[in-house]
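Here is how the chains run, residue by residue.
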Amino acid sequence: MGRATFTTVFAGFILGPFAVLLLWSVAQSWFWPSPLPTAFTLRWYMWATVVPGILRSLRMSLIVAVLATLLTTVVALPAGFVLSRGRFPGRGAARLLFSLPLMIPYITLGIGIANVFYRLRLTDTLLGVVLAHSIATLPFGILILTSAFDALPLDVEEAGLACGATRWQTFWRLTAPLLAPALLAQAVYVFTLSMDEFTLTLLVSGPDTATLPVQIFASIGEGYFQISSALSMLLLLPSVAVIYFMVRFLRTGFLAAGGG
Amino acid sequence: MNETREDSAYVTSIPSFWRWLGLLPALVIVGALVLYPLALAITTSLHGQHGLTLDRYIRFFSNSMSYSILLQTLLISCLATLGSIALSLPLAFVVRRSDRNRTVLRVLTATPLAVPVLISAYALTLFFSEHGLFNYLLVGVLHVVRQPLQISYTRAGVVLACVWRFFPYTALVVIGALEALDPSIEEAAYSTGARPYQVLLRVSLPLLTPAVVTGSILTFIGAFGTFSIPLVIGRGQDVLSVVAYRYALTFFDWGSAATVVVIMAVIQLSLLTMYTRLLRRS
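So the protein sequences, as listed, match chains R and V.
For the first sequence, our numbering gives the first residue as 724, with consecutive numbering after it.
For the second sequence, our numbering gives the first residue as 6, with consecutive numbering after it.
Some hints could be false.
[As the list claims (entries may be wrong)] Not close to chain V: a few residues of chain R, all C-beta gaps over 12 Å, as computed: (1) T772; (2) G776; (3) L778; (4) R844; (5) T848; (6) I858; (7) P900; (8) P904; (9) L907; (10) F921; (11) G944.
[Said to hold, decoys possible] Reference listing, derived: stretches of chain V covered by chain R, where coverage requires no fewer than 3 residues with Cβ under 8 Å from a Cβ of chain R: (12) 189 to 198; (13) 247 to 261.
[Unchecked claim] Label pairs and their in silico Cβ distance ranges: (14) V:L57 x R:F754: 53 to 61 Å; (15) R:R896 x V:L210: 50 to 58 Å; (16) R:D878 x V:L277: 34 to 42 Å; (17) V:L87 x R:Y841: 36 to 44 Å; (18) V:S18 x R:R896: 18 to 26 Å; (19) V:D60 x R:T731: 50 to 58 Å; (20) V:A115 x R:L960: 12 to 20 Å; (21) R:T731 x V:T214: 23 to 31 Å; (22) R:Y768 x V:A185: 43 to 51 Å; (23) V:L57 x R:V732: 49 to 57 Å.
Bear in mind the hints are in silico, worked out from the structure with no lab data behind them.
Because the structure is a prediction, the values reported are computed rather than measured.
C-beta: ideal position from N, C-alpha, C; glycine also.
With the sequences and hints as input, model every part of the structure.
Okay, structure coming up:
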């Protein structure tokens, strides 16, 4: 098999599923054995703007993502600073602890948290879903920001402190602006992570707090090929946007300082 | 990363109070949302009629149904890992030899990692369905088979979907390892008159084995713990993660659900420990 053949088959394997998803999302009708839909339409995408259940799940996803990103950033920023700059005996253990959620299957974390939420009546609440998302996003937020702080040269802070500024002042005036690109990258990544989150959400959400992935799963279960595909295409947008931004930032060297 | 820099004690000494204050929110969240639920799951699984007992675990391993699902999950993960290796090795060689297509291949390899798992699970279900694109190619274009193959909603479908989603963990490591290989070793082998396939079998592949093993562990872990993929493309009874979900949300049997997920966590942590040890050695 030549290299070109391999590349084509490989590309087909990777991209084929998305081609099918795209085609179903614009299919008016599609029957076997036709390789393409027999009629096309944009109505499924329009449904997304009109059907109340779908709009609600889209809104819920956005609200949860914003809140989860805020929470993660506010918590990960000081933690990242201490983990990077501080020198103390528990440091390695703390880093390990914060990456614990990444080492345990999500279903384990999900069953665990669902069990707790059922006892505390936190299921099907906005707070519950946001907290559940934080389990998934916080480790990444801390990882990204810790390495961002690691990559920042100490000279700047040293200079600030030597000139008599307090730690607070050096942080806000000197360190934070340098941190901005990495902070933005972290926020975008965490936001996308929250928008995509499914396993944990399925276990703690309910009819009032269905996010877009949960809604998509419900419509998959009902067998609605076209609407499920259209909604799936919508959910792909943040991921594609993230890739686009990451590539752009990498090219202009922004992330070189952030190390994200 | 920090160890190679000159650490200015002036900057890096943070007073203990601020240290704790900075870490406190993160500690509270991880403690309350991860450690406590895990502890609760463990105690729930150990809870019997008269206090702590290993009853549930014994029942899990002696019950033929739950035991067979454990074996099935392991089997699916093994097959997915083997499939990933079978894909990653030729891919690595093609990437090494390619000039123009190199970036394309790397982006394609990283694509499954960038897409939400639920979406890729559904896209794969459609792709491999009886009237999907894959069967269209097999039946209508290549004429390899006469009737469409049943792939979606079978164990084979779960394996293929896991290969699609988790092969990048193996591929990226192997691609990197092959690129880092000193070409003079293979050249020396050629100069002894060995044929290409002999060089491949006796020289290149053995040199790549550590990378293959390390990458495969990550693929195996992914396939073992995955939830959305078997949920969407499987038959509902295939793997431990879906079984745990059904115990919890369909039967509200938190005890059984906790048992299953604790077993899964133990297996995954053991594999991760193996992985870290292998990394340290190489």
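A quick look at each hint next to the structure:
1. The claim that T772 of chain R is not at the interface with chain V holds, since no C-beta of that chain comes within 12 Å of its own (minimum 20 Å).
2. Under the 12 Å C-beta cut-off, the non-interface status given to G776 of chain R relative to chain V holds; the minimum distance is some 18 Å.
3. Distance check on L778 of chain R: its Cβ is at least 19 Å (rounded) from any Cβ of chain V, clearing the 12 Å threshold; non-interface status holds.
4. Distance to chain V confirms R844 of chain R as a non-interface residue, since its nearest Cβ pair spans about 15 Å, more than 12 Å.
5. Remark: the non-interface label on T848 of chain R is consistent with the geometry, its nearest Cβ contact in chain V lying 14 Å away (cut-off 12 Å).
6. The Cβ of I858 of chain R does not lie farther than 12 Å from every Cβ of chain V; its closest approach is about 5 Å, which violates its non-interface assignment.
7. Distance check on P900 of chain R: its Cβ is at least 17 Å (rounded) from any Cβ of chain V, clearing the 12 Å threshold; non-interface status holds.
8. The claim that P904 of chain R is not at the interface with chain V holds, since no C-beta of that chain comes within 12 Å of its own (minimum 18 Å).
9. The beta carbon of L907 of chain R sits about 18 Å from the closest Cβ of chain V, which is more than 12 Å, so the claim that it is off the interface holds.
10. Not every CB of chain V is more than 12 Å from the CB of F921 of chain R (nearest about 4 Å), against its label as outside the interface.
11. Look at G944 of chain R: its CB is around 9 Å from the nearest CB on chain V, not clear of 12 Å, so calling it non-interface is violated.
12. Interface restraint, the segment 189 to 198 of chain V with chain R: violated (0 residues with C-beta to C-beta distance below 8 Å; minimum three).
13. As drawn, the segment 247 to 261 of chain V meets chain R at 5 residues by the rule of a beta-carbon pair under 8 Å; at three or more, the given contact holds.
14. The hinted window of 53 to 61 Å between L57 of chain V and F754 of chain R holds, with their beta carbons roughly 59 Å apart.
15. Look at R896 of chain R against L210 of chain V: about 56 Å separates their beta carbons, and that is inside 50 to 58 Å.
16. Under the hint 34 to 42 Å, the C-beta atoms of D878 of chain R and L277 of chain V, about 37 Å apart, fit the expected range.
17. Checked against the hint of 36 to 44 Å, the pair L87 of chain V and Y841 of chain R passes, with Cβ atoms roughly 39 Å apart.
18. At roughly 20 Å, the beta carbons of S18 of chain V and R896 of chain R sit within the given window of 18 to 26 Å.
19. Between D60 of chain V and T731 of chain R the beta carbon distance is about 56 Å. The supplied range of 50 to 58 Å therefore holds.
20. About 18 Å separates the C-beta atoms of A115 of chain V and L960 of chain R, a value consistent with the hinted range of 12 to 20 Å.
21. The given range of 23 to 31 Å is respected by T731 of chain R and T214 of chain V, whose C-beta atoms sit roughly 29 Å from each other.
22. Checking the proposed 43 to 51 Å range against Y768 of chain R and A185 of chain V shows it holds: the Cβ atoms sit about 46 Å from each other.
23. A hinted range of 49 to 57 Å for the beta carbons of L57 of chain V and V732 of chain R is consistent with their spacing of about 55 Å.
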